[in-house]
Amino acid sequence: MSSAYKHPLPVRAEQALPLLELEAVRFMYSPHKKLINNLSFSVGNGEFIGLLGANGSGKSTILKLASGILKPSDGHIKLWDKPLQSYRNKDRAKLLCYLPQLLDINVPFRVRELVSMGLYPYDIPPQITADEAMEVVGLKEKAESYVTNLSGGERRRVFIAMTLLQGAGLLLLDEPLANLDIKYQIELLRLLRELKDEKNISIIMALHDINVAMQFEKVMLIKDGEIVGIGNPETVLTKHMLKEAFDVTIEINRSDTGSIYISYENNF
Amino acid sequence: MSKLKISILILAVVLIFPASLFLGPRIMSPFGMGDIEKEILFSIRFPRVVVALLMGMALGASGAILQGVLRNPLADPYILGISSGASLSAAVALLSGIYLFGRFTIPLAAFLGASAVSVLVGVFGWRRGGLWPERLLLAGVGLSFLFHSALMLLMSISTDEGLRRTVLWIFGDLSMADWSLIPYGIVFVAAGLIISVSRSKALNALILGDEFAHSLGFSAHKERFMLFIAMALMTGASVSLGGTIGFIGLLVPHIMRFIVGADSRVLIPLSAIGGGAFLCLADLIGKSIMPPMEIPSGIITAIIGSPYFLYLLRRKDVLSI
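Read top to bottom, the protein sequences are chains A and B.
Here the first sequence is numbered in the numbering used here, starting from -18 and rising by one per residue.
Here the second sequence is numbered in the numbering used here, starting from 16 and rising by one per residue.
Just so you know, the hints here were simulated from the structure itself, not pulled from any lab data.
It is possible that some hints are incorrect.
With a straight-line Cα cutoff of 30 Å, these simulated DSS-like cross-link-like pairs (lysine-lysine) come out [stated by the list, open to error]:
(1) B:Lys18 / A:Lys123
(2) B:Lys18 / A:Lys52
(3) B:Lys237 / A:Lys59
(4) B:Lys20 / A:Lys121
(5) A:Lys63 / B:Lys237
(6) A:Lys123 / B:Lys20
(7) B:Lys237 / A:Lys75
(8) B:Lys237 / A:Lys71
(9) A:Lys15 / B:Lys237
(10) B:Lys53 / A:Lys121
(11) A:Lys204 / A:Lys15
(12) B:Lys237 / A:Lys14
Reference listing, derived: stretches of chain A covered by chain B, where coverage requires no fewer than 3 residues with Cβ under 8 Å from a Cβ of chain B [as the list claims (entries may be wrong)]:
(13) 45 to 58
(14) 177 to 188
Using C-beta positions, here's what the derived DEER-type ranges look like [claimed, not checked]:
(15) B:Ile23 / A:Pro106: 28 to 36 Å
(16) B:Ile25 / A:Thr110: 36 to 44 Å
(17) B:Lys237 / A:Ser244: 37 to 45 Å
(18) A:Gln82 / B:Val107: 48 to 56 Å
(19) B:Ile209 / A:Lys121: 31 to 39 Å
For every residue, glycine included, the Cβ atom is placed at its ideal position computed from N, Cα and C.
Please work from the sequences and hints to get the whole structure.
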């Protein structure tokens, strides 16, 4: 993935107000099944947040609430200081993009067709083209291939390219590293970090790999729909907090050279 | 590449239209027609070709819409029970022999039956402020069985003449086509096509899933509702014009997907064009091979279309499912 990527959004001036703000958000499918309980956090311009938690902790639900797919049972969600639900669909789509975890597609779209769908919210296409977006994720040679004939990892990259083309300032990515080779995991993380640095894009990414979470500047640890800890990995990803979130003893060791070793042998 | 294929397809359609007019049990020359031939052309063949075209367009487009909306390659306008409802309603009129509205009785009965089932399927498929694909599909299958068995019951206790007419109608009978219904057909099919083509981007997004549709700036429930309405208008118009013709709604969209790809912006109009041309051709063959007997178009479409579909399925290195 190259850094030739030109993000279509004009970079907003530094603003004091948070980009996304959740305030005392609750969500439940039924009165007995609370999924999200009194969740409050905000995302600033250019923040890159890793959302870490066990299966069923509510990571996906949080991202769906933040993207407006689910409506909170209680509480407020604001995007650029305006209620999320007050945006027209097309306007919201230019500011905020959500990439689901499951990408099950059984219809033979071509790669180019699918990536180009990222332009649907726009009447006037932004500067970046589908070709550039495909080049960024290394799929330019496969532009005319059918998505149904690609491997799981290639499909994931097709959707990443679509997300990039959509050009929102806030990306909500549900386990985008799943099914990716380590090479593309690293390259995708590098690309997203470049976007954050150069274009001030904000990203929330659900994760399950503690090693990857250690690379983030900010981590949010979730358990049962509540925040266990939020901050830099050194303070959040401690043995004690990880025990609470995952119910497993996880040792984090730092060598003299600064490398991080994570071990959980003691549990076996 | 794709443009060439599309051009060939449109050319084929343009050729099928005059062929259906001038060929048939009695081959006519467009030059030097007698009065009888002019009469045959304008009162019998022309309306029949237009009806076949309209029905085929409605079914082809409806199939392309439904396979996307329901995210199911086996979906067609009839799987939702719309044909069984229309057949039951038309059969009641045919078997009772009471023609309250003259020649409009059967088409009106079929249209009302189709509309009633569309509404029922919508009611059963509705939950938490929207239509849900799985619910729609299951509700349709359930209703389809119900109406189908009612139809069978009705047919098993009916007279021979009524039974024959009902069976012919169910197979798709174009022999009664005249100009009287065509204006209504054009209005409904045009409305359905305009709605669905204007929503074809949303349909592409819905095929990826509701969450993608939302993220790309569409209201999944609203778009699905509009597309469902478009499908119901066209399917209702089609069954009332000439009965239930199978195959087109299910397989023409698949054949078109093999040829032009899955993008709904192209697929919906081309499934309409392909469906219309195919039904014209099937009707031409059905009335030409053993005159004066006519083979119902619904049978011809399946006999020609299924092998072609299976051939494409074997040959193409892409699954549309």
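Non-conforming hints, listed in increasing numerical order: 2, 10, 14, 16 and 17
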